[in-house]
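Chains as they are written, first to last, in my numbering: chain U, 210 to 685; chain R, 11 to 290.
Check the hints yourself; a few may be wrong.
Claimed, not checked - Cut-off 27 Å, straight-line C-alpha distance, at most; resulting in silico cross-link-like pairs (DSS-like, lysine-lysine): (1) U/K651 / R/K12; (2) U/K350 / R/K290; (3) U/K350 / R/K182; (4) U/K663 / U/K597.
What the hints assert, rightly or not - What the simulated footprint calls covered on chain U by chain R, stretch by stretch (three residues with Cβ under 8 Å from a Cβ of chain R suffice, anywhere in the stretch; the number is not a length): (5) 294-304; (6) 539-550; (7) 602-614.
As the list claims (entries may be wrong) - One side of the interface only, derived from the structure: several residues of chain U facing chain R at Cβ under 7 Å: (8) L311; (9) Y314; (10) S347; (11) D351.
No lab work stands behind these hints: they were computed from the structure. Fair warning: this is a prediction, and the values are worked out from it, not measured in the lab. Here a beta-carbon is modelled for each residue, glycine too, at the ideal position from N, C-alpha and C.
Spelled out from the first residue to the last, the chains are:
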Amino acid sequence: MLLDDYKAAALFDELVDEKGKVRPYYQSVADRLAGLSQEELAQKIRSLELLFLKQGITFTVYGDDRGTERVFPFDPFPRVVPAHEWEHIEAGLIQRITALNLFLYDVYHEQRIIKDGIIPTEVIHGAAHYRPEFVGVSVPKDAYIHVCGTDLIRDHDGRYLVLEDNGRCPSGVSYVLENRTAMKRVFPHLFGGGVRPVDTYPSDLLATLRHVAPHENPNPNVVLLTPGVHNSAYFEHSFLARQMSIEIVEGRDLIALDGFVYMRTTRGLRQVDVIYRRIDDDFLDPQVFRKDSALGVPGLVDAVRRGNVALANAIGTGVADDKVTYAYVPEMIRYYLCQEPILDQVPTYLAWRPDDMKYILANLPNLVVKAANESGGYGMLIGPMATKEQIEEFRSKVIAHPRNYIAQPVVNFSQHPTLVDGHLEGRHVDLRPFVLWGDSVKVLPGGLTRVALKKGSIVVNSSQGGGSKDTWVLAH
Amino acid sequence: MKLRILHRTEYRYALPVRNNNNELRVTPLDNARQRTILHLVRVLPAVKMRRYQDLYRNTVSFFEIDEAHKSLVIDVSSVVETSATPFEALPQDALLSDLAKPEVTESFQPYLQSDGPVQITPQIWRTAIDVKADRKEIVAVVKGLMDFVHETCRYVPGVTSVSTTTEEFFAKPQGVCQDFAHLLLALCRALGIPARYICGYVYDPKRGEVLGSHASHAWCEVWIPGYGWVGLDPTNRRPINEAYVASAIGRDYRDATPIRGSYWGTGDREMRVTVHVEAK
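Bound-form chain R, shown alone (with noise of 0.2 Å):
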């Protein structure tokens, strides 16, 4: 599916800024799920756009405005090709025992700590138990515990913020993807599945349909033995599939942030962000 996706992000601000450093992750992956036709990040006011790959291989554009200036527009414009696994052809075998090696759990450590928004509370950690039950196979495991954060967590924009915990969120199972995605991230870490946070973008043909297609999205990934890192969105309940373009993978929100900034400045700012995806 050729998707193509415009993401806007203006800030005005009351009186002039200085010294505008911006760091964005909004470069789609380029990997076997997804080809990129066509990026541009575009800013005003015209600046020099530099680049590098991070920890996590994710492509970082950044700029810096020295100059007093009162409004800043970046639009994202990417074109990308996407195709998807089905779920069923997954290796639905694989064990979670498989996973309790230390050549697993070494290389992934990343993907398995408790840290930051991702925090593992023993009460998530016996839902996890809860939730696995009888089962042994990951791709079962990891589908019940999707399911439970689908079922249990409502979507509900504006009750939470970026430096939600899980531990919040757990108790008050309200909130955004990222939320969402955060709480599934814990939960399969402490069963001790690598799972990582996904920043992107999703396609919602009928409009109104997929939760968080207005907005940047975000999901997870889990890693299966011999089969490599899987995606899953608990917002909307359903594996990746070809609607998906993914931009950023991290540990969490922190990692993946699409755009990230600081100016020097006093006074009022506004933003606004849009995000239109359309199949070409």
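Looking at chain U on its own, in the form it has when it is part of the complex (with noise of 0.2 Å):
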């Protein structure tokens, strides 16, 4: 009855193919999810809700006047992946997260890639994140993104194509986390078995940053460094902080002194030895970085040069997740690895190339135009949607900064149904999945599905009104 009149729309559906049947690998959970009545669904989702609230699952909305923590919008339609799709998806992200993290130890040491001629020079010196500052300096295990998130869209075939990577702080994954406990604690009965689980994500990201800490240090002490209550993202920074038993602490909170960075506790100063910093490389030195800032710690840029301790992510990693340089990670496969991309991406037009150029003043009503280094979907306008003001904005901010915009064609991905009003309706969906870069690659199985809940809308991201889902990749 649920299924009934769901209707799949001219782009790939999650749920049925073009015939409108439901693909086999969601015939069990459409099944059981249909077995409710609207009453039960009604009463569950209320539950969830109040669950959500309780549990204090926000995030935070910067300019809005309405107050800025919102719980996360949540929708009870799993998304399911079968096996042999996750099976190519986690090698894509393997391969790409092991060239990025070859390219960053490149841009940071020798620099082949460019003398060679496959990135020009100008893409990573004009890319905001760049830290030529720390070119020579070596970091622990010669790792730079220990924590990616990857953004996949599915075209009209259903193609998983990589939107963009995350790989300075990227959140979301507690999410993932919470999704999935408050599915199994309302819908219990939903899940038949062989859906994999994810809850060994804090262990496993626990055993990421202890393999970088200096020296070798066989029990160091690990933190996790936030901007504070205020940043969108602290409900995730003290829930995985939790989650791994460490401290969680604020730049006021640790102290830099003779190259070692210690953390003030009631017994006096301890060492820290790796920081899991979910706080930009702006505001985590005010001597080397922003000098405004209040948020880091005097000398600990200078802790990490002398490698006394390490940072989750590295710094300057920026460089590798910046929208011109995504252009190019096909060609670092294919330098590093010597291989073909095994996850496809959007086709991108650079602005700083004269032809590309040309292409996008020409055709920008039919285009996504996105500033190279903003994520969260802010500074980011799609052509089909925009008025003719703000079109004419985009191309005199693109005509002035020809370095800082790349545009893409509109990829219509994929939809998935959603629950809206007690029926469901298809709404775009995308797939964040975390890679995790340690003693060896982890990918969490599943990942953040966020669904646009405005009709029609593209924009996934929570701060521009999206909610998730819980994702589930079935073990056979």
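Starting from two chains that each stand alone, build the complex the way the hints lay out.
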């Protein structure tokens, strides 16, 4: 009944195929969900909402007068990824993070990929998050991106495409874990077995962090550095720290002395070995980066340089997840690994290339234009949905700062049935899997499925009205 | 069976070296018995990686580092799905006499030769004939030869080197999987059975039961008319099963060396190799 009036649109639908038939790997969950009466469903949704509110699963929206903290909207219809699809995604993600980490090593050492003419030097030097002061500085285990959140979308044919890599401080994993907990509590009967668990993530993350401890310290002190309670991801920071049983600290809780970092405790100073920092490079250390930052620790960067403390992710990873650099990731994979990319990505036009610029300016109403160094869906133009004024505004921005803009064709990405007022409607979804780069590379089975709750919208960011779903990777 | 292989080789040089050229044969073969899901070769310092296929259709990855450096890390990670043919399913009635045909001897010439480390000495030849006795079926003979190698030789690391020949090994039968494999090759070839050298990895579920699982492993394949190549592991006295992942084929060790390199420099070199094979 719930499924009877569900209509697939003229794009890839996760649940049904082009003939309107439920895909085999969705059958059991769809049947179980359809077996619920309207009242049962409504009641379960109420308990879900209550659960999220009580747990304090919130995020913060900047620039909204109605208050900043919101409950993260959740849709109970889980997204299902069959085992063979996941095998492909996992291999592609591991290949990608391997290439990105080699690229970062190279950029901060010999820069062979530039010397060999694969990536123009302007691309590197023009990236806002490139840190030339770190060229020649070694990081523990040569690991740069320890935690990566890569956004995937599916095109018209259901092909997974990489939309972007988040190699600085990717967030959202706490929702993956909380969504699963909530689903298990409220909809236990939906799980028919064979859904791969996600609950090992905190221990895997901790192992990843301990792996980079300086001087091979077998018992390192690992802390999580947060900008504080006003940050949009503070819920996640406290959640992860609690799950890993490590201290959560703010900049003012730390002090750098003689090239070492210490934590202020009630029993005096205690040395810190690894910092899982959820704070951007710019704010880490006022002596090196932004002078006006009160969030960081003066002297922290010096301790990093001396190799006495490890940061995860390392400083300067932003040069790899820059939207212009993104266009070169397939080339990196070919260069360092001599392989073709396993996962495709969205064609990208770079405004600083004269030919691409011409194309962009001529086709603005049909393109998505993004600022190279912004995240969270800020600073973006979606051509087909924009007003004339918005298009003209971006036209002048692109002309003024070509290095700072890229454009991509609008990908009509896949939709997934989503509960709207008691019935199902298709809404656009993406997927952000999380990859951990430690002793070995681990990909959390699943990831955060974000759903654009506004009808027709393709912006899934929580700050722009997106919600999320539980994501089920099937074991077989 | 889904196996994950991590093969890490680390070199530390006491003094900086340059012009470091390396050739790797570490890519799992793609054939009916194994399917590669993931394969990555990561080298630090970061290099431009190149690839080609050699005479034996092995995938060869190679790279060079011209600038001075003091360390080199080669990290190979693979995920492979394997299957295996039970030994009983092989054509038990294929005869040795089926091999004595010009089309066989011609097309398998490289795998019938006495060459390099695989020396078919008169003594090895006599032994092969003695072990064969009255048997005429290839499968039975090959199994007899494998049992013989396993019973005669002892697995002792550190006694032999990469250049030890079958003649030397047979005189003092203590060595590692590579020596076992070379000897079985020599015995098979002495009887006209085409036999080739395989380098790869083996999974040891109980840790400590399967010899050769802590490093690259080596075994043999023999050719059976009407069927094709069949794998045998003389070190562990068993046919190849789904715990095995092959990464290179050749006449002998020289063709299938996992990592071979040269560099310009003096001073000491330290090498550390670790291999982990786990079921996924």
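Of all the hints given earlier, name the ones this structure violates by number, lowest first. Checked against the structure, the hints that fail are numbers 3, 7 and 10, while the rest are satisfied.
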